[in-house]
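*Asks:* Residue strings, one per chain:
There are 2 protein chains.
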Amino acid sequence: MSFEKLAKNASEIISEEELKQKLKLNRPLRVKAGFDPTAPDLHLGHMVLLRKLRQFQEEGHEVILIVGDFTALIGDPTGRSSVRPALTHSEIEQNAKTYQEQAFKVLIREKTKVVFNSEWLKALGTEGTIKLLAKWTLARMLERDDFSMRFKNQNPIFLHELFYPLLQGYDSVFIQSDLELGGTDQKFNLLVGRELQKEQGQEPQVCMMMPLLVGLDGQRKMSKSYGNYIRITEKPREMFGKIMSIPDTLMEEYFRLLTDIEEKEFQSLIKEHPMKAKKLLAFEITKALNSESEAQDALEYFQSVFSERKFPKDAEIINVNPGRYRLIDLLALINSGMSKNALWRLITGGGIKINGEKLIDPNLEVDVKISLEIQLGKRGFYIIKPQS
Amino acid sequence: MSFEKLAKNASEIISEEELKQKLKLNRPLRVKAGFDPTAPDLHLGHMVLLRKLRQFQEEGHEVILIVGDFTALIGDPTGRSSVRPALTHSEIEQNAKTYQEQAFKVLIREKTKVVFNSEWLKALGTEGTIKLLAKWTLARMLERDDFSMRFKNQNPIFLHELFYPLLQGYDSVFIQSDLELGGTDQKFNLLVGRELQKEQGQEPQVCMMMPLLVGLDGQRKMSKSYGNYIRITEKPREMFGKIMSIPDTLMEEYFRLLTDIEEKEFQSLIKEHPMKAKKLLAFEITKALNSESEAQDALEYFQSVFSERKFPKDAEIINVNPGRYRLIDLLALINSGMSKNALWRLITGGGIKINGEKLIDPNLEVDVKISLEIQLGKRGFYIIKPQS
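As they're listed, the protein sequences go chains A and B. So the first sequence is residues 1 to 388, counted in the numbering used here. So the second sequence is residues 1 to 388, counted in the numbering used here.
Treat the hints as calculated values from the structure; they're not laboratory data. Fair warning: this is a prediction, and the values are worked out from it, not measured in the lab. Please note that the accuracy of each hint is not assured.
The list cannot tell twin chains apart, which means a pair is met if one copy fits it or any two copies do.
[As the list claims (entries may be wrong)] Straight line, CA to CA, 30 Å or less: simulated BS3-like cross-link-like pairs of lysine-lysine:
| hint | residue 1 | residue 2 |
| --- | --- | --- |
| 1 | 358 | 187 |
| 2 | 310 | 276 |
| 3 | 198 | 122 |
| 4 | 276 | 235 |
| 5 | 242 | 313 |
| 6 | 224 | 131 |
| 7 | 369 | 385 |
| 8 | 235 | 131 |
| 9 | 97 | 131 |
| 10 | 152 | 20 |
| 11 | 22 | 198 |
| 12 | 187 | 131 |
| 13 | 279 | 152 |
| 14 | 152 | 187 |
| 15 | 187 | 5 |
| 16 | 5 | 242 |
| 17 | 198 | 113 |
| 18 | 287 | 385 |
Assemble the whole structure, with the sequences as input and the hints as a guide.
*Replies:* In structure tokens:
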């Protein structure tokens, strides 16, 4: 029973048999997951992993989150890129805190241990580092897909990059993990940890690879760098709306990986009432990451604005001086976060309505004498109010 | 003038122009040479380098010998080979001492500084190590001939092996060397030091590569592992005899790299009196590594024994009980360092003479009543003396 629950949805487990044996040990397993403290902005892709970790916690196991602060402290030492500057200790601690705040929207705080790998990696020293390097051959390291691709394409691989998988694997040795969880793209790294443990005479960790969640574009994996993501910390109404915008083809996988709804139930719902299914999906995810009442509010908001096309009663009010404005200038007074260029494109692209009427000329003169209902794009609602 | 002397016989200098500039600085240059403290048995191949270092000393420069104790302390960490066990500190110190005793047969003691690279390499730590790794790409490291060959042939390369050239290069950065000397097979490693210095904003070291001395077989470079070498610490008579045994084709190069005799002089001597030339070569090298009187003794010994085929008067005397012996058993009483098997092969191969007569049956009975002159191989002379 426990095995069925824990193995569910995994893309691959190395090995299932070992996991079964470990679950019979009658002690809490040490479940490892690593994270990079340079980018603490978690999204639904991370939620897939966090939910799996949560399931282990519910079965009585211990989750160990490893903050990879060591490499972050070094930064990208190639000196060829300013993209990854070294972080300071306090920045890393702040990032780790931010990360935890997000992760604990899914994880059980008391059953989660957070550790920083600089603790043991610093202690390796020159000697320990060389001994660790000596545990792996170049040929084996080049089996990693991205390395072999870069090598084949003659893109530079710096020697320290070949070392990082070993450092991550050494984390497993140090914390004596029973299982490590990661995305399918992490398989190679997870296996390095397993091998290093074997060499040290430890029981090797089980490697559990979870599917990568496809992003809003329906094409690529959800990732900050592709801009196709939904933050875990998204405001409930925003979150709900964004989930409603995913292609229908993703619904099944999102139900499977992000909710507790049974396969049979969501399958038939998607088939018979796709709109209802998507609202249920959005409701369930929003609820899990916030609260039931917030999810309820988001649902109602969505229905009133989008399904019934009503202007929301609680739109933000912007006070302006009465008078005549160019449309573009008026919109710039709204603190929407959009640049004037972006607003210009939005207007000419037909994304602006005033009192329900689409306006496409940025230079149009608007007379502000009474309150106006402004819609910016799909989900920006504001009331411009003249006030002298 | 100084440049001509110092550049003489080098296979390659990177670059000659830089060396000229450095010689104009009017300060002693820091001349680096590294050595591996696992094998302190120096031979004439090393003498080529030591002589060049000596020339720098004679011109007022400082020689810095780097004892590579750091990697020796680690040993071969692959754990796949018992060939290179880690050495202890006291073994390394002993080896370094033995090395110096040998090196000072050529170098000027007061102008030589000996340093151990563990001093600065230990201090690198995990962080410094990673930063050093980040300075080099895999592709550049695979330009080294032996790496590229092994990679091509799918022989394993362990990751720490890719790191060692960087450690050696870092030595140059740390000691701020002006010039590094090595064999032509060390070119890649020497250039790594040069590049790392550039990156640190130092004036890069000049790399001077010396030719590799061909060994006694006339084929391969002189090396302990090929057994084709003459030790720097060889006894004078042995040394003289061994030099006399080199193929005539090597004479020129030996004169050039191991003596101060002028090119014109040895060229014509080799042409006109090859035997005389070889004796001069043997005399000069034996003298340089010992003393003039020892070289003179060795010359006379060689002439009496080999040129005039006389039995040497001062052969070692072996006292035995009078009586009848099998030839093989009699020879085994001589403390020649040869096993019974080796003696058997020597006898049957015609390498044994008693009183000038070749005996080829190991089972022959020999009656020891009076003293016998025994010749073992080419250079083993003993007198068997019956004594009751």
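*Asks:* Are the hints correct? Go through all of them and say.
*Replies:* Each hint tested on the structure:
Taking identical chains as interchangeable, the C-alpha atoms of residue 358 and residue 187 are never at most 30 Å apart, the minima being 51 Å within one chain and 74 Å between chains. Taking the shortest alpha-carbon separations for residue 310 and residue 276, only the intra-copy value of 19 Å comes in at or below 30 Å, while the best inter-copy value is 114 Å. In this homomeric assembly, residue 198 and residue 122 come within 30 Å of each other (Cα to Cα) both inside a single copy, at 23 Å, and across copies, at 28 Å. In the homo-oligomer, the alpha carbons of residue 276 and residue 235 lie at most 30 Å apart inside one protomer (22 Å), although the nearest pairing across protomers, at 98 Å, exceeds that limit.
In the homo-oligomer, the alpha carbons of residue 242 and residue 313 lie at most 30 Å apart inside one protomer (20 Å), although the nearest pairing across protomers, at 105 Å, exceeds that limit. In this assembly of identical chains, the alpha carbons of residue 224 and residue 131 lie at most 30 Å apart only when taken from different copies (28 Å versus 36 Å within one copy). Taking identical chains as interchangeable, the C-alpha atoms of residue 369 and residue 385 lie at most 30 Å apart only when both belong to the same chain, with a minimum of 8 Å there against 134 Å between chains. Taking the shortest Cα distances, residue 235 and residue 131 never come within 30 Å of each other, neither inside one copy (48 Å) nor across copies (41 Å).
Within a single copy, residue 97 and residue 131 get their C-alpha atoms only as close as 33 Å, which misses the 30 Å cut-off; across copies the closest is 27 Å, which meets it. For a Cα distance limit of 30 Å, the shortest separation of residue 152 from residue 20 qualifies neither inside one copy, at 39 Å, nor across copies, at 42 Å. Taking identical chains as interchangeable, the C-alpha atoms of residue 22 and residue 198 lie at most 30 Å apart only when both belong to the same chain, with a minimum of 16 Å there against 54 Å between chains. Taking the shortest alpha-carbon separations for residue 187 and residue 131, both the intra-copy value of 23 Å and the inter-copy value of 26 Å come in at or below 30 Å.
When the C-alpha separation of residue 279 and residue 152 is checked against a cutoff of 30 Å, the pair qualifies neither within a copy, at 46 Å, nor between copies, at 58 Å. Proximity of residue 152 to residue 187 under the C-alpha cut-off of 30 Å is found in both arrangements, the shortest distances being 21 Å within a copy and 27 Å between copies. Taking CA atoms no more than 30 Å apart as the test, residue 187 paired with residue 5 passes inside one copy only; the shortest distance there is 21 Å, against 60 Å between copies. In this assembly of identical chains, the alpha carbons of residue 5 and residue 242 lie at most 30 Å apart only when taken from the same copy (29 Å versus 79 Å across copies).
Within a single copy, residue 198 and residue 113 get their C-alpha atoms as close as 24 Å, which meets the 30 Å cut-off; across copies the closest is 45 Å, which misses it. Taking the shortest alpha-carbon separations for residue 287 and residue 385, neither the intra-copy value of 34 Å nor the inter-copy value of 106 Å comes in at or below 30 Å.
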